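Student: Below are the chains, spelled out letter by letter.
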Amino acid sequence: MTDTTASPTLTPVDRARRFLAAEARWSWLEIVFWIVAFALAFGFRSNHLLFAEIAILALFAVSLDLILGYAGIVSLGHAAFFGLGAYTVGIMARSGWGDPLTGLVAAAVTAGILGFVTSFLVLRGTDLTRLMITLGVASLLHETANKLDWLTGGADGLQGMMVGPVLGRFSFDLYGTTAYVYALSVLFVVVLGLRVLVHSPFGHTLRAIRDNPLRARAIGIPVARRLIAAYTLAAMIAGIAGALLAQTSGFASLDVLEFHRSADVMLVLVIGGSGRLYGGILGAIVFRLAQDGIATLTPQYWQFWIGLGLVALVLAGRDRLETAGRRLVARALPWLAAKETTR
Amino acid sequence: MTLALETRGLMKSFGGLIATNDVSLQLPKGARHALIGPNGAGKTTLINLLTGVLTPTSGEILLDGRDIGSLGVEQRVRLGLTRTFQINQLFGDLTPIETVALAVSERQGRGGDWWRRVGTKGAVLDELVEVLDRFDLTDRMTEQTRLLPYGKQRLLEIAVALATRPRVLLLDEPAAGVPEGEREEILEAVADLPKDVTVVLIEHDMDLVFRFAESISVLVAGAVLTEGTVEQIKSDPRVKAVYLGESEA
Ligand SMILES: Nc1ncnc2c1ncn2[C@@H]1O[C@H](COP(=O)(O)OP(=O)(O)OP(=O)(O)O)[C@@H](O)[C@H]1O
Ligand SMILES: [Mg+2]
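Chains as they are written, first to last, in the numbering used here: chain H, -4 to 338; chain U, 4 to 252.
FYI, nobody ran anything at the bench for these hints, they're computed from the structure.
All values derive from a computational prediction rather than experimental measurement.
Beta carbons are placed, not taken as given, at the ideal position from N, Cα and C, and that holds for glycine.
No incorrect hints appear here.
A few chain U residues facing chain H, derived, Cβ under 8 Å:
{"id": "1", "residue": "Q92"}
{"id": "2", "residue": "F94"}
{"id": "3", "residue": "L97"}
{"id": "4", "residue": "L105"}
{"id": "5", "residue": "W117"}
{"id": "6", "residue": "R120"}
{"id": "7", "residue": "D136"}
{"id": "8", "residue": "T141"}
Make a model of the complete structure from these sequences and hints.
Tutor: Laid out in structure tokens, this is it:
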């Protein structure tokens, strides 16, 4: 981190104020990103369903980032909340309550309750026990949904969801334009909120807990309370993401609770980077587009190639991969190398 | 007068090893007390017991006359009992200003605020800079902590503890690992701590201890060998024996 605020004429208080304000300021990259994302609603119509999927995956990843990247809680069962949110709106829509927005609220509540209750299980323990516990909770929920087929449709999935128009006006269309704008808007609102949160005292305490829980407690931070709050909030957001998927696809099945969802969203964060809010979004875009791209090139082995790429990413570490990539490019293009060294 | 900090018959055993053996301390408000003893004497263990990181096997701990034995670490901090660590325990990804801000927000009961940016509440910034300035950290307060030189990190260890506004501050070898040339700065910072704060200093350097402390407890094998004023400890042959024995070994 370079300190651009250093200046002999400024008092330390001014420097402190500027530094803290700069941390939370909007970057132009962010602004451009949102403008482009919303502008995409006016073109590329045939891709809107895919875009909607990406926005939903991004939301799911952002929610995992809150606990993994900020609070340092690893989870292999984040799909529990995603799936619960999906089934919540699914069951509501089948029973005649098809309004999307109130559905999202309901999904946030049910997933939040599950998050709150299970947060006590992940409070203590090592990364490994946390992985096992979150995995266990998710498979328990999967099994429950499977058994309660009168409610969930079991292995066949929930049939007959009637999802109403968003805000009573915008019906879901075949191209997925409504789905995309709806999902993107929800993502935008959540990111707006989280932007505030991660730069707040609360957000900073999460980072402190991730860095050093021992010290966090030693300066008076109620670690358990903060982790419970973060875990519950992340569960709510994951529930909303699951609800969005069910609403935009008009369907919910056991697939929303499958292990691969928890694993995928973890990989999305590995790709995009954790603890930086936009990492989940970037990761979701790369992951989903790579999935699509590789699938068209080599239909049989796309999972293998994605897996290989991820193994490389994890083993080498993102930073080293970035450096290695830059060096590789630099060697291939001598003029670029010259530029690198003069920088 | 009630004591700032008192322990009564504090015991801690790890399996067969008795790390703290019947320790009873009495520290009046504003005391400058040193805790000395050879390696493995149980000094850090005693701090861990006082602050609630470890649960004593038996015995009582009183802060301002109040039994705090059943309270958690963070509750004791809120009541005014804060410690530093022998081995740096900082937030590597955060900056010093953010680190100190954490302690201040928490002390003000605003650590859970999620709707406002850090440093946007009243006079907080002034206080943050004041604390950092006391430890000569303002120049580098916006750099990531992990990038700071070791000596600066040692200072931040104390700064963040002081930002909790403790009544009793426990310093576990604040100059540990600091090269000779930089020790003086840390010692001065320790000597300049506010007079109303009760300070317990763990330190191996005897010159430093004799300069700083008004009273000293000597811990050997978990138990208090002796305690008294600097003069008493200086002339105590048993203390000499412990330290001579150690340096010969
Ligand atoms: N968690 C623990 N489990 C088992 N034994 C421990 C534990 N913590 C400390 N001990 C033991 O208790 C004894 C006292 O250790 P402690 O760290 O308190 O010593 P110290 O006086 O701080 O030493 P130093 O000057 O080296 O820092 C040592 O023998 C140590 O091995
Ligand atoms: Mg020690």
